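Protein chains in written order, with our numbering: chain A, 136 to 327; chain B, 136 to 327.
Please keep in mind that the hints were generated in silico from the structure rather than gathered at the bench.
Keep in mind that the hints are not guaranteed to be accurate.
List of simulated lysine-lysine pairs, DSSO-like, C-alpha gap at most 27 Å [to be verified]: (1) A:Lys247 to B:Lys208; (2) A:Lys208 to A:Lys247; (3) A:Lys212 to A:Lys247; (4) B:Lys247 to A:Lys208; (5) B:Lys212 to A:Lys212; (6) B:Lys208 to B:Lys247; (7) B:Lys208 to A:Lys212; (8) B:Lys247 to A:Lys247; (9) B:Lys212 to B:Lys247.
Quick caveat, the model's predicted, so the values are computed rather than measured.
2 protein chains.
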Amino acid sequence: MNPSPDQSSSRLFTFCGGHQGRWRVQHQHVVAGEPLPVASFLDIVVHPATPPDSVWTLRGITSNERYSTHDEKAVLKATQEGLDRPVAVHGALIPIKKNRDWWLLSQDERRKIFEEQSHHIQIGLDYLPAIARRLHHCRDLGPDEPFDFLTWFEFAPEHEGAFNAMLARLRASVEWRYVSREIDIRVSRPTV
Amino acid sequence: MNPSPDQSSSRLFTFCGGHQGRWRVQHQHVVAGEPLPVASFLDIVVHPATPPDSVWTLRGITSNERYSTHDEKAVLKATQEGLDRPVAVHGALIPIKKNRDWWLLSQDERRKIFEEQSHHIQIGLDYLPAIARRLHHCRDLGPDEPFDFLTWFEFAPEHEGAFNAMLARLRASVEWRYVSREIDIRVSRPTV
Numbered sequence: 136m137n138p139s140p141d142q143s144s145s146r147l148f149t150f151c152g153g154h155q156g157r158w159r160v161q162h163q164h165v166v167a168g169e170p171l172p173v174a175s176f177l178d179i180v181v182h183p184a185t186p187p188d189s190v191w192t193l194r195g196i197t198s199n200e201r202y203s204t205h206d207e208k209a210v211l212k213a214t215q216e217g218l219d220r221p222v223a224v225h226g227a228l229i230p231i232k233k234n235r236d237w238w239l240l241s242q243d244e245r246r247k248i249f250e251e252q253s254h255h256i257q258i259g260l261d262y263l264p265a266i267a268r269r270l271h272h273c274r275d276l277g278p279d280e281p282f283d284f285l286t287w288f289e290f291a292p293e294h295e296g297a298f299n300a301m302l303a304r305l306r307a308s309v310e311w312r313y314v315s316r317e318i319d320i321r322v323s324r325p326t327v
Numbered sequence: 136m137n138p139s140p141d142q143s144s145s146r147l148f149t150f151c152g153g154h155q156g157r158w159r160v161q162h163q164h165v166v167a168g169e170p171l172p173v174a175s176f177l178d179i180v181v182h183p184a185t186p187p188d189s190v191w192t193l194r195g196i197t198s199n200e201r202y203s204t205h206d207e208k209a210v211l212k213a214t215q216e217g218l219d220r221p222v223a224v225h226g227a228l229i230p231i232k233k234n235r236d237w238w239l240l241s242q243d244e245r246r247k248i249f250e251e252q253s254h255h256i257q258i259g260l261d262y263l264p265a266i267a268r269r270l271h272h273c274r275d276l277g278p279d280e281p282f283d284f285l286t287w288f289e290f291a292p293e294h295e296g297a298f299n300a301m302l303a304r305l306r307a308s309v310e311w312r313y314v315s316r317e318i319d320i321r322v323s324r325p326t327v
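The following block holds chain A by itself, in its conformation from the complex (with noise of 0.2 Å):
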């Protein structure tokens, strides 16, 4: 990431897809649904920002949470890491779409199927500190946005597997019933 100081508190960021960037992508696997562009480099910027020469760009605000309870968020909040930790040369953007049905429902039957059923907070849990993450925001953004959540994550190379791990248990769930598209995008960076 790239912020000015003058541009560090803003919600908005752009993923650009491309040619050149901070971080090199491994690989790019489609999920579900449509394919992206297959992208060499990803780079992070603030929004507003003018976007290098890419091949496919995602933006993504950062908001409040929707369905984490105050004892969940204090966990939470306890346990994880921030983003940009030396160590955490291999990141991840996966950006995701649910379905018309998923948004259709009420908010306590999202979150019953999001935690009491998925256990989407504590499977994230069990991988914290080793797995750092920010949640972006895309559905509200306007009306055609591709994904409605890109999520980035960061990690040691030793806990790729751990990532991946995690990542199996919350495609198993209830809730990725209602994922109609999802990209996995690996990345990693020199080590500094």
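With chain A's structure known, arrange chain B on it following the hints.
Using the frame of chain A, we list chain B on its own:
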């Protein structure tokens, strides 16, 4: 509203206060925080559209429900009426911003204040089907939106008193302690 047929499913609406429009502004009252410049007319256009020459424009997007349960949603759906009823020649646009404390609360804390303490949904139900409404979210359209929500109401002239009573009950609630900016813009349109 002037949606062309191919835009009618868009979730993004722009409210334009200016010198022309379908709705004539009757009064514009600052309930809390910074005022908006005074406009004589209000128009509601489906985005993307070229806004008319405006004094201000406010954008909002309809989205999934954030707090209502399955049962509450079912009652709302069965009771509420749509916009654009011929008798509903009075309207109100109420842009609201909530403070940082609100957005730092967890989902269960916000739900508790919203409904268990403030009875927001129940109060709204008391005025159905007379008062029709559409809620638009702004906060996640971008990092610099002036408001978090735009609520648009339509009702017949004889229900203006009930509408005022509803607002008074909401503004006396615990939830409203978190409202840092609110403008109450009342409009009317000619009877067809």
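**Request:** Mind listing which of the numbered hints don't hold for this structure, in increasing order?
**Result:** 5, 7
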